[in-house]
Amino acid sequence: MPDATPAPRKFEPRIVAFFCNWCTYLAADLAGTSRLKYAPNTRVIRVMCSGRVDPQFVLEAFARGADGVLIGGCPPGDCHYQVGNYKALRRFRLLRRLLREMGIEEERLRLEWISASEADKVKAVVNDMVEKVRALGPLRLKVPEEVFAEEVAA
Amino acid sequence: MQEPKRNGNGAGGVGVYVCHCGTNIAGIIDVRELAAYAAGLPGVTVAREYKYVCSDPGQEFIKQDIRALGLGRVVVAACSPCLHEKTFRRATEQGGLNPFYFQMVNLREHDSWVHTDREAATEKAKDLVRAAVRRVRLHQPLERRRVPIDPKVLVVGGGIAGIHAALTLANAGKKVYLVEREPTIGGHMAQFDKTFPTLDCAACILTPKMTAVRSHPNITLWTYSEVTKVDGYVGNFKVTVKRKPRYIVEELCLGCLECIEACVYKQAKVPDEFNLGLGKRKPIYLPFPQAVPQVVVIDPETCIEFKSGKCKKTCVEVCGDRLAIDFKQQERIEEVEVGTIILATGFQPFDARRIPYYGYGTYPGVYTALEVERLVNAAGPTGGEVLLRDGHKPRTIGIIHCVGSRDEHTHRYCSRVCCMYSLKLAHLLKEKTDAEVYNFYIDIRAPGKAFEEFYNRVAEEGTHFIRGKVADVYPEPNGTGRLVLQAEDTLLGLVRRIPVDMVVLATGLEARADAQEVRRLFNITCSTEGFFLERHPKLAPVNTFTDGIFLAGCCQGPKDIPDTVAQAGAAAAEALALVDAQFVELEPNTAYVLEEECSGCKTCVPLCPYSAITFVEAKKKAEINEVLCKGCGVCVAACPSGSIRQNLFEDAQIFEEIEGVLAHA
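So the protein sequences, as listed, match chains A and B.
Numbered per the working numbering, the first sequence finishes at 165, counting up by one with no gaps.
Numbered per the working numbering, the second sequence finishes at 669, counting up by one with no gaps.
Calculated from the structure, these hints are not laboratory results.
Watch out, some of these pointers could steer you wrong.
Straight-line alpha carbon distances no greater than 30 angstroms define the calculated DSS-like cross-link-like pairs of lysine-lysine that follow [said to hold, decoys possible]:
no., chain 1, residue 1, chain 2, residue 2
1, A, K134, B, K90
2, B, K198, B, K473
3, B, K434, A, K48
4, B, K542, A, K132
5, B, K434, B, K397
6, B, K55, A, K134
7, B, K248, B, K316
8, B, K473, B, K453
9, A, K21, A, K134
10, B, K316, A, K134
11, B, K55, A, K48
12, B, K248, B, K317
13, B, K284, B, K397
14, A, K48, B, K90
15, B, K156, B, K284
16, B, K563, A, K132
17, B, K563, B, K436
18, A, K132, B, K90
19, B, K233, B, K436
Covered by chain B, per the in silico footprint, the following chain A stretches (three or more residues, Cβ under 8 angstroms) [unchecked claim]:
no., region
20, 62–68
21, 71–80
22, 85–91
23, 95–109
24, 138–148
Don't be surprised by glycine CBs; every beta carbon is placed ideally from N, CA and C.
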């Protein structure tokens, strides 16, 4: 056993990304075929439509240690399923309010419209989000005792 | 002995196959470490890495392992599922498992190709593989839905691509609807004079095919019509077509053209679209002599009867009891059911006005290449004599290549045809005028059968080639009326100023202005340059991401006539393959209701864009029609009681993926 504690590793944000099958997932594929380079911090989970992203998926990701969650869908008017992205937008707005109540910063949840041809945008969004979340530091969810203390003090 | 169950029973471990993809994946991701890591994951029986898992021996590993090791699930970590998910599902099935006991990990497009840090890329790969292994263990055996295919085909666009595709399908005995926006089919090719490199005339190739379309018993030709709505899915599309009024009863018009002669306009006064305004037409006109159908059109914008209602209507008089003219004709809406659709909507030439320093629209001596096609054409506005707008014959001509191509201010891509058509025009102009012809080029691109030979031929004929991009076009100062082309000759290292009588702009090809609307209408995708996107450039070059919709010709990207015809044939063959299979298998990613858990709240009912969900009053439960469901999962995410589920995208499977990607050490 080494007795010296290892130097703390640099914080690398962990971002779970839900990409719709028809636009953003394809844009990420295109970023690959175009050999664009971006930060390796995202882990993409494919869904058929951004409208499939259940708020519970996002909460589960934060609960399991994600520092950020990115949802990628077709631009307005372009949804493969006509209006699924609008439903995603509504849920996203509600969810952001809920997250704020929970003390999770707004920048940690992001919804982006990225069409299949916008490989550049995948790169830009991922890099930007990684930087913003890196600046926020690791997500630390409050333990119930802290919340109680705050509520009593308020 | 029990027969091995095709659907499996959920037992058996997971096999993980890590693909090197040559060095595409293995160059960045440590595949050995990844496979060793995968082998240690809970539930994994075997993990292998191999150079090309998609190859025959690669697939054989999977099949043998399923049989020999009794695998119950398969994970392949390779390229994008868009590329090879089908391949590996098939291998899984051939090994004896249900094909949906499979999960793919996108190591190439989403990892090795976009990252440079070996360690970080390998860590990411581990996360993704771990998530897939956890997910696949919850996969359910599924059956693909089979739906019958309507054998009729819709072809949109009546240029050479649409014509060739329609004829190929019709000759194979399929019913085809060919919809063209303009009053005639023929497209851009009908406007060309001769075609490179053989110099056979465009009309001689095209017009017999146009006539064949008109007379083919299997083709329903709707010109002056547009698709306005597309519903349904592969095999079962419902298409709405708007047929614009041409104010002529198509069935009654014989194409005698007497009405044009009889029009109260004695002289043709309206700029003629087919000749790009270089000629004139009357308000009642036939776009060009070989138009198909041979049915005239009335232009309500210029017809006196439409403008004032006080015309003598000499056209109606001369038409007599044929009664083909109908000023009251209304737009008609047709609805057709087809199984497959071929889009052949073509391109538009780059608008030369976007580069003001070339002076198009300012100096009368500047022409676009398409205008020159009409000028050299024997059936064109000058009868094939090359005369400038001032009536003179040009003695010196400058052709500027790459106008709107290979330029970061306009389009970065090469339009592929401009070099060759510029060489052709150089040859034709020289032949007709004996002028000195100067080509200003960046690079000459002649990569086709007999193309380089044609280039050499034109060069030997005495056409000049100056390697340099023209930076300015301006009138010669001493009032000669000539235009000076200024360019840096990059081979001589000198600035050249060459006065010419005529400037020809080799304009590039671009996506049509309404490509985005058309894309939405058909639910397909555009690439960055705005052309329609093919499913895969090599594996599925004429398919789109929407099953049953295929691409042909320049709507997919710039290409010449031989390539366009080849692609149209390919699109027709793909459509035929679907139609002749008589049914198609759909992804089983539909949603379903767990009846005992449904509270009957009806939240889901209005969410479904396809009206696939109904509320069954008798049971007070929601019900999903599997045929109408397209599998987006919006209702699944919305159901407050969690009683709607989605095949292939079950909540539990996605939760496993979330936990999986985050569960690292």
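Verification of the hints:
1. A:K134 to B:K90: holds, 28 angstroms
2. B:K198 to B:K473: Within the cut-off at roughly 26 angstroms; holds.
3. B:K434 to A:K48: violated, 50 angstroms
4. B:K542 to A:K132: Between K542 (chain B) and K132 (chain A) the Cα gap is close to 25 angstroms, so the pair holds against 30 angstroms.
5. B:K434 to B:K397: holds, 12 angstroms
6. B:K55 to A:K134: holds, 28 angstroms
7. B:K248 to B:K316: holds, 25 angstroms
8. B:K473 to B:K453: Holds, at about 27 angstroms.
9. A:K21 to A:K134: holds, 22 angstroms
10. B:K316 to A:K134: violated, 66 angstroms
11. B:K55 to A:K48: holds, 24 angstroms
12. B:K248 to B:K317: holds, 22 angstroms
13. B:K284 to B:K397: At roughly 21 angstroms apart (the allowed maximum being 30 angstroms), K397 (chain B) and K284 (chain B) satisfy the hint.
14. A:K48 to B:K90: holds, 28 angstroms
15. B:K156 to B:K284: violated, 40 angstroms
16. B:K563 to A:K132: Since the Cα atoms of K563 (chain B) and K132 (chain A) sit roughly 28 angstroms apart, the hinted pair holds (cutoff 30 angstroms).
17. B:K563 to B:K436: It holds: about 27 angstroms lies between the C-alpha atoms, which stays within 30 angstroms.
18. A:K132 to B:K90: holds, 28 angstroms
19. B:K233 to B:K436: The hint is violated at about 48 angstroms.
20. 62–68: Holds: 7 residues of the region 62–68 of chain A have a Cβ under 8 angstroms from chain B.
21. 71–80: Contact hint for the region 71–80 of chain A vs chain B: holds, 5 residues under 8 angstroms.
22. 85–91: holds (count 3)
23. 95–109: holds (count 3)
24. 138–148: Since 0 is below three, the answer is violated.
Hint check: violations occur at hints 3, 10, 15, 19, 24; the rest are consistent with the structure.
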